[in-house]
Amino acid sequence: MALLEVKNLDVHYGVIQAIKDISFEVNEGEIVTLIGANGAGKTTTMQSIIGLIHPTRGEIYYDGQKINGIPSHKIVKLGMTQVPEGRRIFSELTVYENLVMGAYTRKDKDGVEKDFKDIYELFPRLEERKNQVAGTLSGGEQQMLAMGRAIMSRPKLLMLDEPSMGLSPLLVDQVFDIIKRFHEKGTTILLVEQNANKSLAISDRAYVLENGRIVLSGTGAELLASEEIKKAYLGG
Amino acid sequence: MEFITMIINGLSIGGTYAMIALGYTMVYGIAKMLNFAHGDIIMVGGYTIVLFFPISPILGIIASVIFCVTVGIVVEKTAYKPLRGASPLAVLITAIGVSKLLQSAAQIFIGSESKGVTVNLGEIRMGEIKINVLTLITIACSAAVMVALTLFVKYTKTGRAMVAVSEDRGAAQLMGINVNFIIMITFIIGSALAAVAGVFLVFKIQDVGTTFGAMPGIKAFAAAVIGGIGSIPGAMVGGLVLGFIEAVCGMVPALSPYTDAIEFAILIIVLLVKPTGFLGKKRREKV
Ligand SMILES: Nc1ncnc2c1ncn2[C@@H]1O[C@H](COP(=O)(O)OP(=O)(O)O)[C@@H](O)[C@H]1O
Ligand SMILES: [Mg+2]
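Those protein sequence lines, which keep their order, are chains P and H.
1 is the number of the first residue of the first sequence in my numbering; add one for each residue after it.
237 is the number of the first residue of the second sequence in my numbering; add one for each residue after it.
Please keep in mind that the hints were generated in silico from the structure rather than gathered at the bench.
Where a beta carbon is used, it is the ideal one built from N, C-alpha and C, also for glycine.
Check each hint, because a few of them may be wrong.
With a straight-line cut-off of 20 Å between C-alpha atoms, the simulated EDC-like cross-links for lysine to aspartate or glutamate are [claimed, not checked]:
(1) P:LYS77 / P:GLU113
(2) H:LYS517 / P:GLU92
(3) H:LYS268 / P:GLU92
Here are the computed distance ranges between Cβ atoms for each label pair [claimed, not checked]:
(4) P:ASN131 / H:THR386: 14 to 22 Å
(5) H:ALA384 / P:LYS109: 22 to 30 Å
(6) H:LEU372 / P:ASN131: 31 to 39 Å
(7) H:ALA315 / P:GLU28: 42 to 50 Å
(8) P:GLY166 / H:PHE417: 31 to 39 Å
(9) P:GLU227 / H:ALA315: 40 to 48 Å
(10) P:LYS109 / H:THR386: 19 to 27 Å
(11) P:ASN211 / H:ILE502: 49 to 57 Å
(12) H:VAL488 / P:LYS109: 26 to 34 Å
(13) H:ILE502 / P:ASN131: 34 to 42 Å
(14) H:LEU337 / P:LYS66: 36 to 44 Å
If you want the footprint, here are the derived chain P segments under chain H, 3+ residues with CB under 8 Å [as the list claims (entries may be wrong)]:
(15) 83-93
(16) 100-114
The shape of chain P in the complex, shown without the other chains:
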């Protein structure tokens, strides 16, 4: 059974339909990518899954349970979270406090302690700056914090919305590295990217979104080799 299943989803902003009857699934242990140009509907899809936007039609199942209509904070408690587009860290809180917010729903103190250690090991910069107000971090550091904050909830399903946006090539590699690392630890990943090359390379499967519809799907390797994809998204 799929860990996440999206069925016949429609989403409207007022009278404008942003998502048109899309269906896809993410199986446990997979990395799945949604690729698509600006405005294709990727963020809308992600926010609908986690309940920040309410779809006009369709169903979303997580672990067999229908989750659309449930408030976001309860969906998060079920074991999924999201690194939102544009990072959206809490700029007035310190780095440490941002990570505490990531662990907001957790009661296992020892586990949280351990995850703090792991995250500081993975992102030494965050430890150096843990008492600094997060708004003073550089863009790359903010992305690391946004990822660390999401990981602090120990999600079973981690969704990332354009985590490489606006980063230098070196940092982009680091971001993909970390995604791979968490995947290897057993986290299921749903990734949204415009950087099709890198994301398809690490994906088990991918869906291509165009004007709110899924127009193509396949394994990462298949899509990487596809002429259409090369033309539209890989600059070739």
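Go by the hints and put chain H with the ligands onto chain P.
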């Protein structure tokens, strides 16, 4: 000597305004709405202390806090929560309606005649200065309340979550924070502070009517705006600024008839020079 009396009066009036202003500013920062009915919570607290005072002043203070918090919770749950995500204008009109409702309810249940209490705790003398004991208690209480609130917001997980919600409600939800719960906590704190302020105002003015909360409510709102609405230290600073203006005006006979005009003139000047108030932040534009 006059100077010391002025400082003490300023702290006492300012502390009271600050406690009310904190309610406005926290609700604005976290729930993103102007709670127009906040001033009327002061009136509710005022009536409660008047009713309970003959039995026991301490019991009266506790009853005021409990009753104001209850009214705050009911108002939030029944009037504001259903409008979460509605247009700001709809919320504002609802808040004005709640304000009128509370005033009318007071009129129906308690009557339109004003009620009063007489409180005289005496004075203490320090050299040539006489200081009212009630004034000192007002200062001590509002200082304690403000320190406690600052520590709560800064050092508890719930306090940090309040800051997170005020900054980015959606991102806070992604952390698993229940935004409605945080807003409820905010209303509880705001109402409790308004109750305490109401009690001290009654002790000072010794007379409560149905529009008792209107003037201090508007002044405290001005204080919140002067300090930078949404900012907790800003509400404290703004409250003290107005408190000192009133204290100075109160001691200069030529100015005292114009106290209110001077306060609102200062509000306008602050807004012209720094539209976000002393400690307010520029609102980040969301994409
Ligand atoms: N808050 C909004 N109000 C109205 N239209 C929106 C809003 N957010 C997104 N849209 C529209 O919905 C479509 C999909 O947007 P989005 O999901 O952000 O795309 P992507 O993440 O793929 O760039 C776009 O046409 C966009 O203009
Ligand atoms: Mg997007």
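Worksheet item: Which hint numbers doesn't this structure obey?
Response: Structure breaks hints 9 and 12.
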